[in-house]
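Participant: Generate coordinates for the entire structure from the input sequences, incorporating the hints supplied.
Heads up: the sequence shown begins at 823 in our numbering, then just goes up one per residue.
Derived from the structure by calculation, the hints contain no laboratory data. Glycine included, C-beta positions come from ideal geometry on N, C-alpha and C. Hints may be right or wrong, so weigh each one.
Have a look at the derived ranges for each label pair, beta carbon to beta carbon [what the hints assert, rightly or not]:
(1) M911 <-> H956: 16 to 22 Å
(2) T993 <-> H970: 26 to 32 Å
(3) F900 <-> D923: 22 to 28 Å
(4) F922 <-> A991: 22 to 28 Å
(5) T990 <-> D931: 39 to 45 Å
(6) F922 <-> D897: 49 to 55 Å
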Amino acid sequence: MAGRLVVDAFAREFQKTRQLSERAIAQLSDAQLHTRLDAEANSVAMLMQHMAGNMRSRWTDFLTTDGEKPWRQRDAEFEPPVLTRDALMASWQSGWQTLFDTLATLTDDDLTRTVTIRGEGQPVLAALTRQLAHYAGHAYQIVLVAKHLKGDAWDVLSIARGQSAAYTAATKASAGA
823 MAGRLVVDAF AREFQKTRQL SERAIAQLSD AQLHTRLDAE ANSVAMLMQH MAGNMRSRWT
883 DFLTTDGEKP WRQRDAEFEP PVLTRDALMA SWQSGWQTLF DTLATLTDDD LTRTVTIRGE
943 GQPVLAALTR QLAHYAGHAY QIVLVAKHLK GDAWDVLSIA RGQSAAYTAA TKASAGA
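Facilitator: Right under this line is the structure:
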């Protein structure tokens, strides 16, 4: 029972990470998805492509095979994709679906198991933490690039500057209602 609570907490945080990314992605034009801030930077499309590939690799047969699958082409994930927005979003959704489908199957006993990523064994809880941190890092890269590209047209994803007190008051008021 306690293990399911832990996995559900991870699932909620993964979902928040996904939603944050998608709210930023939705603000970008097709061209902006592929814009790189400099020659060494990743575009939002490249980050999406990488995250989707990582998710499919890590979460397919999570408990029984190495998380770095032989079919994954990680280096290609950092090449500018030639995918349309729809194809890119389909790949992105497929990665997230693989993750959430796997999380739904984990049992309390699974949390004490060891999984392998790139030949290195680690407890399932460590692997969950590692992947959440990885995806959150890329989500904030997506937000940073999107915010930069949108400039003054950026739609704030959290609390707007100077609005913390009003947000807190509204939150407290709705909690008491």
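Participant: Indicate, hint by hint, whether the structure satisfies it.
Facilitator: A quick look at each hint next to the structure:
1. The hint said 16 to 22 Å for the Cβ distance between M911 and H956, and at roughly 20 Å that hint holds.
2. At about 29 Å, the beta-carbon gap between T993 and H970 stays in the expected band of 26 to 32 Å.
3. For the pair F900 and D923, the beta carbons lie near 26 Å from each other, so the given range of 22 to 28 Å is met.
4. Remark: the range hint 22 to 28 Å for F922 to A991 is contradicted by a beta-carbon distance near 35 Å.
5. A C-beta distance of roughly 41 Å is found between T990 and D931, which places it inside the suggested range of 39 to 45 Å.
6. Between F922 and D897 the Cβ separation comes to about 26 Å, which falls outside the hinted range of 49 to 55 Å.
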